[in-house]
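Undergrad: The lines below spell out each chain.
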Amino acid sequence: MKRFSLLLSVTMVAGVVSLLALENAPSIAFESSTKDFGKITQGQVLKHVFNFTNKGTGTLEIHSAEGS
Amino acid sequence: MLSAKSIKPGQSGQIEASVKTEGVAGKINKTITVVSNDPRQPQVQLTITALVEQEFPLSDQSLYFGAVPKGKEVVKELTITIPPGKKILSVESTDQNVTVKLVPGADGKDAKVVAVQRADAKEGYHFGNLVIKTTSASTPEIKVQVRGTITAAQAN
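Chains as they are written, first to last, in the numbering used here: chain P, 182 to 249; chain C, 14 to 169.
Errors might be hidden in some of the hints.
[Stated by the list, open to error] Derived DMTMM-like pairs (lysine to aspartate or glutamate); straight-line CA-CA distance at most 20 Å: (1) P:K220 - C:E35; (2) P:K228 - C:E35; (3) P:K228 - C:E66; (4) C:K43 - P:E212; (5) C:K18 - P:E212; (6) P:K220 - C:E68; (7) C:K43 - P:E247; (8) C:K156 - C:E90; (9) C:K33 - P:E247; (10) C:K21 - P:E212; (11) P:K228 - C:E29; (12) P:K236 - P:E212; (13) P:K216 - C:E29; (14) C:K40 - P:E242; (15) C:K33 - P:D217; (16) C:K18 - P:D217; (17) C:K43 - P:D217; (18) P:K216 - C:E66; (19) C:K21 - P:E242; (20) P:K220 - C:E66; (21) C:K18 - P:E247.
[Unchecked claim] Covered by chain C, according to a simulated footprint, are these stretches of chain P (three or more residues, beta-carbon under 8 Å): (22) 212-224; (23) 227-237.
Please keep in mind that the hints were generated in silico from the structure rather than gathered at the bench.
Using N, Cα and C, we set each Cβ at its ideal position, and we do this for glycine too.
Construct the complete structure from the given sequences, taking the supplied hints into account.
TA: Here you go:
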C-alpha cells in the first residue's frame, strides 16, 4: 500500500510538471501552411515566404526546417 | 531558409522556400517539415504546389544511356515540340562522352535531339546536360540531363 501511494505521488508530480510546461509553452501559428503557384513555365525558380507567429507564452525554438 | 531560430512570445518569423523547376514537368508537390519545441504541434508540414508547363514540350525530361561495356556506341533521342513563331538555335552537350545533334522536322513544328554516347567514352559514371538554345525570351535555354555508366570492355 505504501509503495502504491508513493507511485501515485510520483505520477502526480509528473502531471504537475507537464501542466507547468504547457503554461509556459510556445505556440507556432502559420498565416498559411500551403502555397499553390498554379501554372508556371519550366525553368522558373519558385520562391515563397511562410510567415509564422509565436502565439504562446514561452520562447519558440525552431529546431529544423527541411524540404523533401 | 530560416529568419531566426528563437522567437519570443508575440514575435514573428519567416521560412523562405525556393523550388527549382529545371528538368521538371507536370505537377510538383514539395513539403517542408518544421520541427519546433511547440508541445502541441512539434512538427508542422508546409506544402508548395505548382503545375509546371513547358514552352517547348519534350518527349523525355532526361536521357539515360544505361550501363554498357566500353567500346560500344549508344544512341538515344528525344523529340522537342516547337511552338509557333519560335526556333531552336543550337544544341550542345556539357558531357564530353556525349555528342549531340539536332534533326529538324519537315514542318518546323518539332525536332529530334539525337544524343550519342561515344564508343571511346572512358570507364565509369558520367553525366552532364544537353543545352538547347531557343529564340524564346521566356525559355532561352532548356537543359536535359544525360547520364550513363561505361563498364569494362567485354572479353571475347
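Undergrad: State for each hint whether it applies.
TA: Cross-check of the supplied hints:
1. For the suggested pair P:K220 and C:E35, the alpha carbons sit about 15 Å apart, so the restraint of at most 20 Å is met.
2. The suggested pairing of P:K228 with C:E35 holds, with an alpha-carbon distance near 14 Å, which does not exceed 20 Å.
3. Proposed proximity of P:K228 and C:E66 is supported: the alpha carbons are some 17 Å apart, at most 20 Å.
4. Among the hinted pairs, C:K43 with P:E212 is consistent with the structure: their alpha-carbon atoms are about 18 Å apart, no more than 20 Å.
5. The suggested pairing of C:K18 with P:E212 holds, with an alpha-carbon distance near 18 Å, which does not exceed 20 Å.
6. Of the pairs offered as hints, the one joining P:K220 and C:E68 holds, with about 12 Å between alpha carbons and a cut-off of 20 Å not exceeded.
7. Between C:K43 and P:E247 the alpha-carbon distance is near 10 Å, which keeps this suggested pair within the 20 Å criterion.
8. For the given pair, C:K156 sits about 14 Å from C:E90 by alpha-carbon distance, which is consistent with the 20 Å threshold.
9. Restraint check for C:K33 and P:E247: satisfied, since their Cα atoms lie roughly 15 Å apart, inside the 20 Å limit.
10. Distance check on the hinted pair: C:K21 and P:E212 sit about 17 Å apart at the alpha-carbon level, within 20 Å; holds.
11. The hinted pair formed by P:K228 and C:E29 meets the criterion: a straight-line CA distance of about 7 Å does not exceed 20 Å.
12. A C-alpha spacing of about 12 Å is found between P:K236 and P:E212, which places the hinted pair at or below 20 Å, so the restraint holds.
13. Under the criterion of a C-alpha separation no larger than 20 Å, the hint pairing P:K216 with C:E29 is consistent with the structure, at around 12 Å.
14. Under the criterion of a C-alpha separation no larger than 20 Å, the hint pairing C:K40 with P:E242 is inconsistent with the structure, at around 33 Å.
15. Restraint check for C:K33 and P:D217: satisfied, since their Cα atoms lie roughly 15 Å apart, inside the 20 Å limit.
16. Straight-line distance between C-alpha atoms of C:K18 and P:D217 comes to about 26 Å, which puts the hinted pair past the 20 Å bound.
17. Taking the CA atoms of C:K43 and P:D217, the gap is near 10 Å; set against the 20 Å cutoff, the hint holds.
18. Between the alpha carbons of P:K216 and C:E66 the distance comes to roughly 18 Å, so the proposed pair stays at or under 20 Å and holds.
19. Of the supplied pair hints, the one linking C:K21 and P:E242 holds, its CA atoms being roughly 9 Å apart against a limit of 20 Å.
20. About 7 Å separates the Cα atoms of P:K220 and C:E66, which keeps this hinted pair within 20 Å; it holds.
21. At roughly 14 Å between alpha-carbon atoms, C:K18 and P:E247 fall within 20 Å of each other, so this suggested pair holds.
22. Restraint check on the region 212-224 of chain P versus chain C: 11 residues with Cβ-Cβ distances below 8 Å, three needed, restraint holds.
23. Look at the region 227-237 of chain P against chain C: 11 of its residues bring a Cβ nearer than 8 Å to a Cβ of that chain, three or more, so the hint holds.
Hints 14 and 16 from the list above are not met by this structure, while the remaining hints are.
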